[in-house]
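2 protein chains.
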Amino acid sequence: MDKPYVIGIDVGGTNTVVGVVDKRGQILKSGSIKTGKHSQVENYLDELSGLIEDLVTGATVKKEQIKGIGAGTPNGNYFTGSIEFAPNLPWKGVIPFAQLLEDKVGIPVALTNDANAAAIGEMTYGAARGMKDFIVITLGTGVGSGIVVNGQLVYGHDGFAGELGHVIMRRHNGRLCGCGRTGCLEAYTSATGMARTAREYLDLRPEDKTRLRDIPAEDISSKDVFDAAMDGDEMAKEIFKFTGEMLGEAFADFIAFSSPEAIILFGGLSKAGDLIMNPIRTSMEKNLLPIFQNKVKLMFSDLKESDAAVLGASALGWEVKS
Amino acid sequence: MDKPYVIGIDVGGTNTVVGVVDKRGQILKSGSIKTGKHSQVENYLDELSGLIEDLVTGATVKKEQIKGIGAGTPNGNYFTGSIEFAPNLPWKGVIPFAQLLEDKVGIPVALTNDANAAAIGEMTYGAARGMKDFIVITLGTGVGSGIVVNGQLVYGHDGFAGELGHVIMRRHNGRLCGCGRTGCLEAYTSATGMARTAREYLDLRPEDKTRLRDIPAEDISSKDVFDAAMDGDEMAKEIFKFTGEMLGEAFADFIAFSSPEAIILFGGLSKAGDLIMNPIRTSMEKNLLPIFQNKVKLMFSDLKESDAAVLGASALGWEVKS
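Protein sequences, first through last, are from chains A and B. Take any residue in the first sequence, count from 1 to its spot, add 167: that is its number in the working numbering. Take any residue in the second sequence, count from 1 to its spot, add 167: that is its number in the working numbering.
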């Protein structure tokens, strides 16, 4: 039977979103459950497979018409199909997620991490259509990456390649990162990293006027910095400049590695538009080896934000072996 | 006709070495000419094609039995077959080397840069046989790299990927690099970078005893540092430690990118054995994200040094389209 549909699952720390997707990247039907509701993964998977059955029925699609299920999960390993030691999920250790779900719903399941799913989504439906070499950088609570070389996702020998949020940008006196090391890109350029930058700036420049000072320091978020910058607040604009400059420095090194046609920004921070893109572009070009200058495209994801994670995961469904 | 032979050409700044190679990586016949003798590339190619004819005859091989010619050259671009703006060669601008040579000898020619040729050589005949994800780092006058992902060389969208000698290791007050930027890995860990480290140490520690002080500072080479370290000279050993530690830091970032099964050291400095490998290993493991610790192999090339460049280039000959 022809199999013109896939299912995408985006497993987030809070919500798990599921969509039934057709070949053109249209989401026919979607729904969600709370990821953290079940402390036992078995119970979670029962609820998840119930949702999948409902959505398939609701989309008036037959189960036999579904090519595969793709899931993007924190710490998802493509090679093993397992979620391995994900700090933000309720289930500890190694969870053979793909196999467990496949056993329940009878459709083959492939799994990878969120950032790799985003890269596959960009290649299949988004800004990277037709490209064979590009990098997706996800800017959110953390900083992730999905790398494509010769038209293929880079998984590495163990499935864990593409941890570009954890290259070292400041080798001495760098900020402590959630990974336990210091100076990682993520510690500066994630949403939480930007909020830390704001607190540092407020401490170091007590005489500078800024409306960020009206917010209790521990409550400042990257959203507050964004709102202030959009209103012309100088310190807030400098925080975006600092963040973008460091991303540009990092991108110049990434380009020396794989010489991609484009670097695509995805996720929360990328909503800041020129506020973040202009300093990235200036800093990246300034830091590039001459042979790479003025030829790497910098772009935002053009997938509709609310759908992007599910679409990205669903694209992996086309690749499953059935 | 069966084509069980290839020809490898290693174009260096001083010598061009040519070898006729069989399927097992045996060099049946080899010879060389001076690269810098001819200011016109046409004259150089006349001499080169003459040498190729002689070697083929000398090896009692028929031209029709040769699958292809592979050349490793400075600034060689695999996609275009050209040598592009190579600073150490007498011919300026863009030289369509592969096409020019193919027109002269009537055998298809493929070309890439020296470090990529080394990586293909390791994959075909050397330490990386059977591996699909690895990185070769060439440590010589400069620092180069050849990266393999999913069993394929990473060329990037323009053929220039793999410039890992030019990732930035010191972002502030870094050493000036030959590329015009500051703080590049190559400025510290190439043979010339090591000699600079020696001169810095001698300046900064005037009271330290070391036999490196017996050599005029401007004449110190990495070989002098190696000889002194082998004799137990403390400062010389520290210079190797400094160099190895920086390589280890860089390797940890490379692993976060492509999660290779192995990193293979190739070229002059790699002859230093444990002197360089021990500090690399310690520093690399210390700087790795936990998920990558204790699983990436660090190895030296096991290709016979004098043959390695020609063998690496020759391996590209198997890939030419004829």
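You may find that some hints are simply not true.
One copy or two, either will do: identical chains are not told apart, so a pair holds if it fits within one copy or between any two.
[To be verified] For lysine-lysine, the following BS3-like pairs were computed, each having C-alpha atoms within a straight-line distance of at most 30 Å:
no., residue 1, residue 2
1, Lys471, Lys438
2, Lys376, Lys299
3, Lys408, Lys488
4, Lys453, Lys229
5, Lys170, Lys453
6, Lys229, Lys390
7, Lys464, Lys259
8, Lys204, Lys462
9, Lys408, Lys462
10, Lys404, Lys259
11, Lys462, Lys230
12, Lys259, Lys462
13, Lys488, Lys299
14, Lys299, Lys234
15, Lys230, Lys404
16, Lys464, Lys170
17, Lys259, Lys453
18, Lys230, Lys464
No lab work stands behind these hints, which were simulated from the structure alone. In this text the structure is predicted, and so the values were computed from the model without any measurement.
To see whether the hints hold, each was checked on the structure:
no., hint, result
1, Lys471 <-> Lys438, "within (12 Å within a copy, 54 Å between copies)"
2, Lys376 <-> Lys299, "neither (47 Å within a copy, 55 Å between copies)"
3, Lys408 <-> Lys488, "neither (45 Å within a copy, 48 Å between copies)"
4, Lys453 <-> Lys229, "neither (54 Å within a copy, 52 Å between copies)"
5, Lys170 <-> Lys453, "neither (48 Å within a copy, 48 Å between copies)"
6, Lys229 <-> Lys390, "neither (43 Å within a copy, 71 Å between copies)"
7, Lys464 <-> Lys259, "between (40 Å within a copy, 29 Å between copies)"
8, Lys204 <-> Lys462, "neither (47 Å within a copy, 36 Å between copies)"
9, Lys408 <-> Lys462, "within (22 Å within a copy, 38 Å between copies)"
10, Lys404 <-> Lys259, "neither (40 Å within a copy, 45 Å between copies)"
11, Lys462 <-> Lys230, "neither (45 Å within a copy, 41 Å between copies)"
12, Lys259 <-> Lys462, "between (44 Å within a copy, 22 Å between copies)"
13, Lys488 <-> Lys299, "both (22 Å within a copy, 21 Å between copies)"
14, Lys299 <-> Lys234, "both (24 Å within a copy, 28 Å between copies)"
15, Lys230 <-> Lys404, "neither (51 Å within a copy, 67 Å between copies)"
16, Lys464 <-> Lys170, "neither (35 Å within a copy, 42 Å between copies)"
17, Lys259 <-> Lys453, "between (44 Å within a copy, 26 Å between copies)"
18, Lys230 <-> Lys464, "neither (40 Å within a copy, 45 Å between copies)"
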